[in-house]
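**Q** Following the hints, put chain B in place on chain A, whose structure we already have.
From first to last, the protein sequence lines are chains A and B. Sequential numbering of the first sequence, starting at 3, is according to the numbering used here. Sequential numbering of the second sequence, starting at -5, is according to the numbering used here.
Quick caveat, the hints were computed from the structure, so don't treat them as lab data. One should not assume that every hint holds.
[To be verified] Far from chain B, by Cβ distances over 12 Å, these chain A residues were calculated:
no. : residue
1   : Leu86
2   : Ser110
3   : Arg311
[Unchecked claim] Quick list of the computed label-pair ranges, beta carbon to beta carbon:
no. : chain 1 : residue 1 : chain 2 : residue 2 : range
4   : A       : Leu533    : B       : Gly438    : 33 to 41 Å
5   : A       : Asp67     : B       : Ile488    : 31 to 39 Å
6   : B       : Ala200    : A       : Leu597    : 49 to 57 Å
7   : A       : Gly242    : B       : Ala200    : 56 to 64 Å
8   : B       : Gly272    : A       : Ser7      : 53 to 61 Å
9   : B       : Val54     : A       : Ala211    : 38 to 46 Å
10  : A       : Asp67     : B       : Asn(-4)   : 53 to 61 Å
11  : A       : Val512    : B       : Pro441    : 54 to 62 Å
12  : A       : Asp67     : B       : Gly438    : 55 to 63 Å
13  : B       : Asp55     : A       : Asp73     : 27 to 35 Å
14  : A       : Asp73     : B       : Val54     : 20 to 28 Å
What you are looking at is a predicted structure, and each value in this text was computed from that prediction instead of being measured. Heads up, the beta-carbon is just placed ideally off N, CA and C, and yes, glycines get one too.
One-letter residues, chain by chain:
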Amino acid sequence: MTAFSATQVLLFLVVAWPLTIAFWLACLYGTRPSAVLAHRWNRWWFAALWVSAPLPALAAFFAGDVRLDIDWLLLGGVWEIGGLHRIILGLTAFLWFTAGLYAHGYFSHHKAAEKQTTKDKAGSLLSYAAIWPLTMAGNFMLVIAQDIPGFFTGYAVMTFSAYVLVVHYGTRQARDGAAAYMIMAVIGEGLILAGLLWGAGSTQTLLLADFRQALAVSPSAAPISTILWLGFGIKAGLAGLHIWLPMAHPVAPTPASAILSGAMIKAGLAGWIFTLPVGLVSLPLLGNAALYTGLAAAFGAALYGVAHRDPKVVLAYSSVSQMGMMTAVFGLSLVVPEFWTAAAPVLVLFAAHHGFNKGALFMGVGMTDRPVRMPAWLLWIALALPALSLAGLLGSGVTTKWAVKMILENGHARFATILGAAASGTALLMIRTLYLQYRSRRRALAAPQPAAPWSMGAAWISCVIIAASAPWWFYLPEGLQPLPPAAQWPGLIWPALAGCALAAGAYGAVRRIPRLGVATGESARLPIGDLWTGYVWMGKKITGPATKTAGCVRALLDEALRMRQALMRRGAGLTAFMERGELHFRAWAGVLMILLALAMLIIMMAGHT
Amino acid sequence: MNTIQVLMPLLVLFTSLLAAPIIFLLPDESRTARTIINLSAAIIKLVLVSGMFLGVYLGVDFEISFAVVGDLCFILRADALGLMFAGLSSLLWLFTTIYAVGYLEDSSNRSRFFGFFSICVASTLGIALAGNLFTFILFYELLTLSTYPLVVHRGTPEVLAAGNRYLQYTLTGGAVLLLGIVALHALAGDPAFGDRARLAALPETARPHLMVIFALLIAGLAVKSAMVPFHGWLPVAMVAPAPVSALLHAVAVVKAGAFGIIRVVHDVYGLDFAHFMGLLYPLTIAAAVTILYGSARALTQMSIKRRLAFSTVSQVSYIIIGVSLFHPMGVAAGLVHLIHQGLMKVTLFFCAGNYAQTLGIHGVDELDGTGRRMPLTSVSFTVASLGMIGVPPVAGFITKWYLGMGAAGAGTYWVILVIAISGMLNAAYYLPMLYRIWFKERRGDWPDETTFAPLETSAWLLYPTIATALFSCAAGLLAGLPFSPARWAAEIAIGEFLP
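In isolation and in its complexed conformation, chain A is listed as follows (with noise of 0.2 Å):
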């Protein structure tokens, strides 16, 4: 029996804690009825107990670097906490425990502003409850988890799981948005499975470490590396493969949006790093279709998403772009391993910045569609922070924009160019989704309503608070400061300024030009899953001559069973010829044989003589 240090069992119960309680939940709403539990929600130890799911993984952030075998989990588990694996497993505890805060204080409004618990309405609240931990220990485990199996459970633990935190409310809009969620989920799990199967199989290891390592040599690198990048690339809002984003995001509950784009995307990039043999050998084909691809949604999806009207939409056609940028930098490590190095702690920086701040945005829509008790002056600067930022005028957004510059500069600044222009898409964005704040938070206090609970103000603004001063405390790459020399400001915030006197620009000029409002106004009607509409009639084109060929098929499998029914009527018809027959012959036997006997004599007479 060996002897766990405390910081072993403590990364241990990183996912073993929020299963517990997951499990004590599903025990609950398996044995009690729903009012009773319902009423229980507001009690301040069930809270405690409930928001209290992701501390362990907090405080494994802070003890630092630790490592635990345990062979009898699957074919083996090696759970490890150390480098990137540490600073993505914080920003992803981070955000599950100030959006878990936010979630209880969110649910308690609903209950309040529903004045009535029915027992279905309870029962799904419960269920929301106990599946809420329940992905947060799949988001956790596929972070430390370094054996591939353990990896691939909690990335399947978390995608299944999220489905029920998506489809909550069960409206249609929320049941679409969840079925194109879950199509592409499965999608992306199978190639996933195929990829790390492939991979796991050729090279006969069971690490990620050992698995990144042997791709690297291995002949078939490109093929595996490109199902694996495609697999992940759906979870990480990769061009054509994002669809599911913009219609799971509007329709989930505020706290899971936050968790979607926040945490659960950064998954895929996740992926990505802990699977490709990036910086280890070059994939140039793959490496430009990353790079392409992920400027085309960079700047394709600010475009798309700006015309939207729900604020959620935007946001998360915003969460595409960025993802887009992160993907356009990914794309060129690939292509040019050396630029691994420096360009891996800036993703993680990226990821990060992005992850608080655009969990601050979500949660920041569901503070200007109900009441708050909060000083306006105030609420406008938490919800302005992290949009500015975001767009890299303050913050976070400047540590992360002027660490991409860096490592961009030496070869690629035309490429940082560029990426700097997607920046302004990003500020356009924004902007428009505060406008659209506003407005929504005008309607909101003119309908009477209870105000939101204290809790979900303490966790937006914690996550505002967050968000901004991530690279203080949170995470640096090193050699950089927190804030670059002076100097460097007016390179690092040009697009964001640039974005914001386009959209002052467009606003004025909506106002003078009303067709420009028509038309605006027209733009509203794009589709919110865009190429999802064009994906389900390639799906019904496809389908509908399969459907054909079973239908011929199936015609012949008939036409078979008709022939055959035909020959066993004819069957019957020779054997009633034959029963005949026999009759008739048996009444003529005897003569039958004399005539026989008869002839034989004849024949045999004929032969003597």
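**A** What follows is chain B alone, placed relative to chain A:
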């Protein structure tokens, strides 16, 4: 070899074989006596098989053999592979018996049912412990005959027609298998399982004969293991009561076929020799076709049990495709899926039975809202379905992992594609059911509701379901433990390659 070692295989066999006549003689009404006999036989058998497990692990042989006529021997022997199947049968027999008591105790002809039930399990154990093809086919045919009364238990004209179809298929298959065995016997004498050198040592002129015999053996076995195009009886046999379907799909009939194929490939021909003769690749293709065909057909089935039946068609060929890959991990995948598929499929059929027995639900479109009404059954159904799709940490994932390792190791990369596509197809027909169970609301009353307050359904039905669901989860999550199916299968497979 001491007496215990000789008697042990017989004891295991006779616990249920002797229980049968006693049960036949009991009147239908003596429920308690019958249940006690049934359960004690099941528990004794489980204990004995566990004892043999431990014995084999420690290197003890259990074997009984005697010559029947000439050089033809009757051999019962406990080897690692046979014990896997025996362990599965005796474990699931216990659960299925409990379940069947709850499911059928109100119907007529119970003594007949449980009597044949015992014979059926005895023949499964015989198949598991058979030491050569002669002994194997004895029990194989006994299984066919003893399952027929179970399938037609309800006795309606429709059921009897289905029973006829079942007999047509299985008896024909049995005849083909017998032909193969006789031919092999004429050619090579009586090869005991594991005596792999014998066939390889035959002169080269015998090779074409061996190929034909291989085809005969596999075709005969493929009927029971429901490989396309010999799968027609399986969906039809769905008219049987739920515990019988569970038994047919998870333990007895289908598994007997698959197990027979493992024996032929692994222990009669030997992987090296079969590979050398080029016999494995066609088998891989046949299994791949079956996997995809079964999944595709399951998509459009609107009866829960029929959908599960086509899923079985697909899943059992995972076993066969695994064994047909020329790689230790592939063999391990095949062996371990023998157990995993059994655990998961038995859970699914138990759940289907629970829905039918408690709420009168038979169709997929009637499942709406069952999650709230029967949470524990629905959780079990969810776990097993996710396992079938291959979502970790449920057992099905371990199979897919081994299979992928095997496919890549053997260089047949397209098998990975088959696995991935099959997984997506599985998702496409299991997830809609889960969606209906958990996220759709019930409109109106249940078709035929029986209440068992405070439980959601009868305890006899509920606890076996939960137990098998837990086992399917544990087999995946705790695959690293020493006696887990995954470890045991890997040991056997690697032992074969590294003697």
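**Q** What hint numbers does the structure not satisfy?
**A** Failing hints: none at all.
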